[in-house]
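**Q** Spelled out from the first residue to the last, the chains are:
Number of protein chains: 2
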Amino acid sequence: MSTNRIDVAALGQQLLGDYAEIRTASRARAARPELQRDPALGMDEHRERVLEQLKILVEEQAVQRAFPKTYGGHDDHGGSLAAFEELVAADPSLQIKAGVQWGLFAGAILHLGTEEHHAKWLPDAMDLTVPGAFAMTEIGHGSDVAAVATTATYDKDTEEFVIHTPFRAAWKEFLGNAGLHGTAATVFAQLITNGVNHGVHCFYVPIRDENGQFLPGVGGEDDGLKGGLNGIDNGRLHFDHVRVPRTNLLNRYGDVAADGSYSSPIASPGRRFFTMLGTLVQGRVSLDGAATNASKIALQIAVSYANQRRQFTSVSETEETTLLDYQRHQRRLLPRLARTYAASFAHDGLLEKFDAVFSGRADSDDDRQDLETLAAALKPLSTWDALDTLQESREACGGSGFIAKNRFTQLYQDLDVYVTFEGDNNVLLQLVGKRLLTDYASGFRKLDTGAMAMYVAKQVGTAALHRSGLRSVVQSVVDVSDERKSANYFKDSQNQRELLTGRINALVAEVAGNLRAAGKDKVKTAQAFNENQDTLIAAARTHGELLRFEAFTEALERVSDETTREVLTWLRDVFVLCVIEQDLGWYLANGWLSMQRARTLPEYINRLLARLRPHAQDLVDAFGYTQDHLRADISSGIEAERQEEAMAYFAALRASDQAPISEKSLLKKTKAAATA
Amino acid sequence: MSTNRIDVAALGQQLLGDYAEIRTASRARAARPELQRDPALGMDEHRERVLEQLKILVEEQAVQRAFPKTYGGHDDHGGSLAAFEELVAADPSLQIKAGVQWGLFAGAILHLGTEEHHAKWLPDAMDLTVPGAFAMTEIGHGSDVAAVATTATYDKDTEEFVIHTPFRAAWKEFLGNAGLHGTAATVFAQLITNGVNHGVHCFYVPIRDENGQFLPGVGGEDDGLKGGLNGIDNGRLHFDHVRVPRTNLLNRYGDVAADGSYSSPIASPGRRFFTMLGTLVQGRVSLDGAATNASKIALQIAVSYANQRRQFTSVSETEETTLLDYQRHQRRLLPRLARTYAASFAHDGLLEKFDAVFSGRADSDDDRQDLETLAAALKPLSTWDALDTLQESREACGGSGFIAKNRFTQLYQDLDVYVTFEGDNNVLLQLVGKRLLTDYASGFRKLDTGAMAMYVAKQVGTAALHRSGLRSVVQSVVDVSDERKSANYFKDSQNQRELLTGRINALVAEVAGNLRAAGKDKVKTAQAFNENQDTLIAAARTHGELLRFEAFTEALERVSDETTREVLTWLRDVFVLCVIEQDLGWYLANGWLSMQRARTLPEYINRLLARLRPHAQDLVDAFGYTQDHLRADISSGIEAERQEEAMAYFAALRASDQAPISEKSLLKKTKAAATA
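So the protein sequences, as listed, match chains A and B. Take the first sequence: its letters are residues 185 to 860, numbered as in our numbering. Take the second sequence: its letters are residues 185 to 860, numbered as in our numbering.
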């Protein structure tokens, strides 16, 4: 066991990343009771509370940094998301309702509208005079936005667009602010003018009057109770030939002149569509950060409890074993801790890239595409991981984990929808997979190297070598003499990287080969694509893990304290080796690892966990949340107090002559006496 | 694609199992709105509603079958649990509150008390005159029941027991009925008489008066809001020298005479303790059934939706692809469907075993131990699987899955605690692992063969052969000529069984070897045990899967319709091959599978899924739940209606001359015209 302690303060600062000050200020806000969730409130009261909380955010200019200076913002895109992400510690409903208002609704005006729109609508959106809904998703189309069926048909006689819902599946659905508070919406619809459908565009549409009544032609329904996030009034909207002025088209990427003629700075309808959607990537970026924060909170609570809680005597007769000393408990919590560190460092890179693109520092088409691929790779992993971490943490705290005041279940319930909104995780990973395929097909495999080093090109030829098993036979010969050689192999970060990149390349090559074999026939290609969908998504997943690995590895270089770097290196190793362990079958079946070497992996991971165990508390304390953020009864120190009280009671009892003897001991004594 | 359909009615009947009539009657009850959850209710109203619902269950004698005929029951233990398990479809809170009252509280009186206690307390417990808490768990001790710290000290002067809570960690915790409704409790405490602690015994203790006020010396707290199951008033209790008559000791397994002398029909304090706890195994048995029912409900909703919902065009230009036609969607839902079938058949075996023991038909010590091992192996798997299935189903339905009225999230929230109560899943699996170790050590590896065929003994020697890799080299030679040979290998149920049993034996042998190496030193042994904890739990998990495999395989023999048997065989294969796929790394690293063979496994599973896909709806329909049970908006057929409406709209539009041309098509035409 290392007796040196890591430098918690320095590590904490590093974890706060580029926007440390902004994050710290936002965390201070999240620590204030009036901005937090009151678990006792029912849905209706919770919704009203969150609306009032948004007003506090307005007063304090808490999450307005992304807007132009002209309108009181800071033109600070990265900083805005950093502040926003930290609100999850107060209440995910507050975070997401803020995201709906300023990220989505006002964000659409900012990014899809032009100067006139900014002047006309941004101020009211920014100060919440107009709470707005972001009406993109329809009941019938979530992930496939290009296929939304709401129409906006231009009527040149009146110079108006007619917004219309042709059938029930085209109702706008799951929109925050639509259930109750929204008085306007940015509505995505097929723009039709002069008999041509120019694809999906966004329109500013007032939906309610000052009394909260729907305007003529507008209708809707409240989505009612949800699995979580019940501080937000999600709802449905539909439109019956609702007319808005021509100038309500947010026309940055496509405009209609008074005579009905269409024009766009982007000639290709496909590229135009993706450019418009691309401006909304901030949702995905911020969910990646918020989800990682939720994982941190869960682990800080669960590890603290596991360090205080005792159960069952094993070594000592009188002292029960601390939970975190059990191997199984280490296996449950510490790999998730390692993964959360990886996710945190990867998120910093994503946020840096996001800010570079949105500030205009580096916003080429390639940059934008790279940003989207990064976000599409990381958001699924971190949101799924948050649910997994929250659930495992809750279980690791037993029945106490299930009590609402211990936070896990409510965070889980709120975070649940993060895995399917702002891009369904499976659909996002498929996008990443397609990008990997495209890069593969074009023989061009760079991807961004600014924010994170990435994706080292590999010879396709090596796959054949691996498959033949020659490589693993060589490994066996090398390893057989000394088991430490296997450990040396696994702890070498070049080997770790090679395993990840090798798997990605091999899976992508496999899918590409199968698609090529399908030829040019459209039906056959579609079928082949479907038959390789699971493999492609597996490649995308590993790609996301590689991004995290690179970010973690790079972060190690920035650690100056030696003990801290050593401990974090173990943590990085646990992270990446657990990723490899999950796909161990693949690595073996394809000759990347010998049987010999593979057999040592679980044991080596267990040894690393035992080494990390004494540092676990420091590692979660470095996340920097205080009890005002954690707010769990069991993270307050109460468990340690109870354990000490119990131990003191028994110690006093043993010291007295009042202690009853156990029947078991008595039987032993009687037996011994009989034998003597 | 098979054009034959399976026999849904016959399969449905088989799935209902031995207690088909009782289950059907209980399901009819669960279909009645007055017994169902009203999602709009807050915690307080929900608690009152569930209490009223319990009274309906009393009136209708719905779940009283386990009690003696003398008191109006049927002495029908298996039937009682079958009826009870089906209540989960109405509201898990109703199920669990019924379980607290009649399974735990009245169950303790029945199983731990004697005739006098039955006569005195059973009638009031059965008809809910006395709602009762089951006060076993303490804040400081959940899984380690033997270490509870509440004391019951006999005072021979007054012939009373003094029930006392010595410190805060000894407060009784998480007790249903303790928060509000309970007027008595069965309290577990260390029985101390004449200076000797005879270990944990159970006492009947009144806790509240007729006005709901705590009796003198009794105190407590309401646990308040929980992650789910909020229809139950969980709470804490503590006792300050509360006196109860000597005869309030439930004295079936241990008694104290007026003079304070202790007697028990079971000489060994350890065996006595486990015998007392063993009478409460019904909780675990019934959770296994209820959790499997929840999985069925989730899958019936999600598969129905996936068969109606369409998203993205792939093959056809105009018709979108049905979700369940996507490989990834099949991978998400169908292995879980297969696993749920396996769990359902395994539960039938468990229930049969339970009934045999509790009816006295076969209740030797060995039978009881086997029952406990079965329950400890199956309950963890089915409760974890229920959460996993509910979550994947919810995600597979996208945003709609998150809306409360679509059931998934509320069932998830309620079922969450099933994985840690009535025995924490990890602790239970460790118990199973210890049993496997004991059997291994005694060279005696039979386990029950009545309810399910099980655990075929293997030569330990084969492990060495496997490890050397010789076996896998032979496989490679055999398989290399023909990939179908690999498929033949995987679909042979003897091979499937051998892979499962082989893994269990090898893991147990590994742990046993490591423990032996630690010698007789207590500290070293404890350390070695801890260092092998994860492996032992892995063995227990696979043992549980083996039990399911055997039950599924046996169930196939009972299917008379040929198509049904063929389809169910594919389903069994998917179940067991997915279990093997999860541990593929282990099988390869230890020489059980060749690289060649292992590489074909994922693809072979995918082919099976494609074969099952046309039968998916029939397979979930066979679960037999109606919309009154499913109660999800999206399982009502509304999605199909919406899809048809949308398709009809576009078909009519295309047929008319009103359809706008897409800009993309226009560009193509213009280009073509320019080239021509």
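Misleading hints may appear alongside valid ones.
Note that identical chains are pooled: a pair holds if it fits in a single copy or bridges any two copies.
[Unchecked claim] Here are the computed lysine to aspartate or glutamate pairs in the EDC-like style, where the Cα-Cα straight-line distance is at most 20 Å: (1) K848 to D328; (2) K589 to D812; (3) K855 to E299.
Hints are computed from structural coordinates only; laboratory data are not their basis.
**Q** Please name the hints from earlier in the document that this structure breaks, with their numbers sorted from lowest to highest.
**A** 3
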